[in-house]
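Protein chains: 2
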Amino acid sequence: MARMNRLDALGLFAGTLTTIAFLPQVVRTWRTRRTDDLSLAMLVLFTLGVGLWTVYGVMMKLLPLIVANAATLLLIFFILWVKIRNLSRRP
Amino acid sequence: MARMNRLDALGLFAGTLTTIAFLPQVVRTWRTRRTDDLSLAMLVLFTLGVGLWTVYGVMMKLLPLIVANAATLLLIFFILWVKIRNLSRRP
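Residue numbers (the numbering used here), protein chains in the order written: chain F, 1 to 91; chain W, 1 to 91.
For reference, chain F alone in the conformation it holds in the complex:
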């Protein structure tokens, strides 16, 4: 693992922003349980992509990418789960 330096700090800050960006969406989705304006295709592609970014981060030994993408993956899973549940309830 590369040692922590200014670039790692920059990456971790960027990752913190893109990860916590999902928190308001998680809260909104949690409260309203509405996901009509969220695209299922977006959620599925994004989940796959973030998963692969995590793999890329692990293989490149880039700590900011690993931390940010693993955390984002957890949040996006929740939103995806509510979206799929909503779709299955409206035939």
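No lab work stands behind these hints, which were simulated from the structure alone.
What you are looking at is a predicted structure, and each value in this text was computed from that prediction instead of being measured.
Honestly, I wouldn't trust all of these hints.
Put simply, identical chains are the same to the list, so a pair is met inside one copy or across any two.
Mimicking SDA-like on lysine to any residue, the simulated pairs with C-alpha atoms at most 25 Å apart in a straight line are [to be verified]:
| no. | residue 1 | residue 2 |
| --- | --- | --- |
| 1 | 61 | 74 |
| 2 | 61 | 39 |
| 3 | 61 | 75 |
| 4 | 83 | 32 |
| 5 | 61 | 77 |
| 6 | 61 | 5 |
| 7 | 61 | 9 |
| 8 | 83 | 36 |
| 9 | 83 | 51 |
Fit chain W to the supplied structure of chain F, relying on the hints for placement.
For chain W alone, kept in the frame of chain F given last:
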């Protein structure tokens, strides 16, 4: 710039997914012009974060991060623009 290798290809594929993930959302937002279920805070934080990821990619000379985040930035700008326009029309 590092030469193209398998890890670059993995990163570019991951970036392609997370970038095109926004296309269905852009299309949906374009068609419906509705953004009620999209959190403004999410969009702002995400725009800032993706911008910083682009800077991180440039400084780390990681082509996949530069390409993916610059492209995502363009798409997220559109969604953010519609969201802000909608908010300004509903006082």
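These are the hints, each one checked on the structure:
no., hint, result
1, 61 with 74, "within (20 Å within a copy, 28 Å between copies)"
2, 61 with 39, "neither (32 Å within a copy, 32 Å between copies)"
3, 61 with 75, "within (23 Å within a copy, 28 Å between copies)"
4, 83 with 32, "both (12 Å within a copy, 18 Å between copies)"
5, 61 with 77, "within (24 Å within a copy, 30 Å between copies)"
6, 61 with 5, "both (14 Å within a copy, 15 Å between copies)"
7, 61 with 9, "both (15 Å within a copy, 16 Å between copies)"
8, 83 with 36, "both (8 Å within a copy, 16 Å between copies)"
9, 83 with 51, "within (19 Å within a copy, 28 Å between copies)"
Violated hints amount to a single one, hint 2; each of the other numbered hints is respected by the structure.
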